[in-house]
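A.B. asks: Start from the sequences and build out the full structure, keeping to the hints where you can.
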Amino acid sequence: GAVVSQHPSWVICKSGTSVKIECRSLDFQATTMFWYRQFPKQSLMLMATSNEGSKATYEQGVEKDKFLINHASLTLSTLTVTSAHPEDSSFYICSANERGLRDTQYFGPGTRLTVL
Amino acid sequence: AQSVTQLGSHVSVSEGALVLLRCNYSSSVPPYLFWYVQYPNQGLQLLLKYTTGATLVKGINGFEAEFKKSETSFHLTKPSAHMSDAAEYFCAVTLRGSARQLTFGSGTQLTVLP
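Listed in order, the protein sequences are those of chains A and B. Note that this note's numbering numbers the first sequence so that position 73 is 73, with each residue one more than the last. Note that this note's numbering numbers the second sequence so that position 113 is 113, with each residue one more than the last.
Hints were generated in silico from the structure; no laboratory data involved. Careful: at least some of the hints might be erroneous.
[Unchecked claim] FRET-style restraints, in silico, Cβ to Cβ:
| id | chain 1 | residue 1 | chain 2 | residue 2 | range |
| --- | --- | --- | --- | --- | --- |
| 1 | A | LEU68 | B | SER106 | 26 to 32 angstroms |
| 2 | A | ASP27 | B | GLU15 | 31 to 37 angstroms |
| 3 | B | SER14 | A | LEU76 | 26 to 32 angstroms |
| 4 | A | SER83 | B | SER80 | 46 to 52 angstroms |
| 5 | B | GLN45 | A | LYS66 | 27 to 33 angstroms |
| 6 | B | ALA54 | A | ASP65 | 45 to 51 angstroms |
| 7 | B | ALA17 | A | LEU74 | 41 to 47 angstroms |
| 8 | B | THR111 | A | ASN70 | 36 to 42 angstroms |
| 9 | B | LYS69 | A | PHE39 | 38 to 44 angstroms |
| 10 | B | THR52 | A | PRO40 | 32 to 38 angstroms |
| 11 | B | GLY8 | A | ALA72 | 28 to 34 angstroms |
| 12 | B | SER26 | A | LEU68 | 17 to 23 angstroms |
[Unchecked claim] Taking lysine-lysine pairs in the DSSO-like style, the calculated list, with each CA pair at most 30 angstroms apart, reads:
| id | chain 1 | residue 1 | chain 2 | residue 2 |
| --- | --- | --- | --- | --- |
| 13 | B | LYS69 | B | LYS49 |
| 14 | A | LYS14 | A | LYS64 |
| 15 | A | LYS64 | A | LYS20 |
| 16 | A | LYS41 | B | LYS68 |
| 17 | A | LYS14 | A | LYS55 |
| 18 | B | LYS49 | B | LYS68 |
| 19 | A | LYS41 | A | LYS14 |
| 20 | A | LYS20 | B | LYS69 |
| 21 | A | LYS41 | B | LYS49 |
A virtual CB, placed ideally from N, CA and C, is assigned to each residue, including glycine.
C.D. replies: Below, the structure is given as structure tokens:
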């Protein structure tokens with residue numbers, strides 16, 4: 001149980017285009033989903049926290065207009081990287097709290113974004 | 001605010017030897033503590049967690065960790081390393097009653113030598 005999927009697993013795009021990454025909880029309802037960014041050989045940095053039906057809360061230094069987060073349902077959150085640039089290339093990982101079990105986050109497999 | 005320190009960014013052990021990965025935390029309130037493992041180009045998999053109750057917690061793949069409040073530590077151990085244990089390990093902390101935001105340590109790369 002408690003499986004989180006991400007799509008796509010990897011994406012290559014041209015500079016200036018937008019990319020959407022989906023995060024789904026497959027067998028549970030996720031009241032809260034989190035988006036992280038991970039650079040090579042580094043730890044995870046929290047970008048934002050999203051609750052179903054409300055606006056995401058962004059961490060300091062994260063541009064909300066560049067990283068658009070939508071949490072439209074209890075099983076789906078999306079991260080859209082708008083007008084992507086090479087410096088946005090990274091590994092993006094989502095996680096989710098199971099409804100009623102807020103003490104554990106389950107992580108997706110990650111999405112490797114490369115901006116040319 | 002909370003923080004996590006993982007001592008040793010790289011740890012090497014021989015196959016069959018004891019694995020010890022160190023984690024110390026700082027928290028103003030009783031924390032929840034976690035260990036996650038990450039294989040290359042994959043997400044994080046939960047190894048074990050401490051929330052309340054027994055301070056020695058057992059996880060998957062033979063790993064265990066002990067919460068020591070007096071030492072503010074949550075070290076991860078495994079009696080006998082296997083080649084498949086080679087991966088990146090992250091210690092993380094969150095506060096009870098918070099929005100469950102995890103704060104991660106910097107990670108420890110475990111290498112298992114044949």
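A.B. asks: With reference to the structure, classify each hint as holding or not holding.
C.D. replies: These are the hints, each one checked on the structure:
1. Between A:LEU68 and B:SER106 the C-beta distance comes to about 29 angstroms, which sits within the given range of 26 to 32 angstroms.
2. Taken as a hint, the range 31 to 37 angstroms holds for the pair A:ASP27 and B:GLU15, whose Cβ atoms sit roughly 35 angstroms apart.
3. Our hint of 26 to 32 angstroms for B:SER14 and A:LEU76 is violated, since their Cβ atoms are close to 45 angstroms apart.
4. In this structure the supplied range 46 to 52 angstroms holds for A:SER83 paired with B:SER80, their Cβ-Cβ distance being about 51 angstroms.
5. At roughly 29 angstroms, the beta-carbon separation of B:GLN45 and A:LYS66 lies within the given 27 to 33 angstroms, and the hint holds.
6. For B:ALA54 paired with A:ASP65, a C-beta distance near 46 angstroms keeps the hint of 45 to 51 angstroms intact.
7. The hinted window of 41 to 47 angstroms between B:ALA17 and A:LEU74 holds, with their beta carbons roughly 45 angstroms apart.
8. Take B:THR111 and A:ASN70: their Cβ atoms lie about 40 angstroms apart, and the range 36 to 42 angstroms holds.
9. For B:LYS69 paired with A:PHE39, a C-beta distance near 33 angstroms fails the hint of 38 to 44 angstroms.
10. Our hint of 32 to 38 angstroms for B:THR52 and A:PRO40 holds, since their Cβ atoms are close to 36 angstroms apart.
11. Under the hint 28 to 34 angstroms, the C-beta atoms of B:GLY8 and A:ALA72, about 42 angstroms apart, miss the expected range.
12. At about 33 angstroms, the CB distance of B:SER26 to A:LEU68 disagrees with the hint of 17 to 23 angstroms.
13. Between B:LYS69 and B:LYS49 the alpha-carbon distance is near 15 angstroms, which keeps this suggested pair within the 30 angstroms criterion.
14. In summary, the hint linking A:LYS14 to A:LYS64 is supported, as the alpha carbons are separated by about 21 angstroms, within the 30 angstroms threshold.
15. Using a Cα cut-off of 30 angstroms, the hinted pair A:LYS64 and A:LYS20 holds, with the two alpha carbons roughly 14 angstroms apart.
16. For the hint pairing A:LYS41 with B:LYS68, the CA-to-CA distance comes to about 28 angstroms; that is within 30 angstroms, so the pair holds.
17. For the hint linking A:LYS14 to A:LYS55, the alpha-carbon distance of about 28 angstroms falls within 30 angstroms, and the restraint holds.
18. About 13 angstroms separates the Cα atoms of B:LYS49 and B:LYS68, which keeps this hinted pair within 30 angstroms; it holds.
19. Between A:LYS41 and A:LYS14 the CA atoms are separated by roughly 25 angstroms; this keeps the pair inside 30 angstroms, and the hint holds.
20. With a C-alpha separation of about 43 angstroms, the suggested pairing of A:LYS20 with B:LYS69 is violated against the 30 angstroms cut-off.
21. Taken as a hint, the A:LYS41 and B:LYS49 pair is honoured in the structure, with Cα atoms around 24 angstroms apart against an allowance of 30 angstroms.
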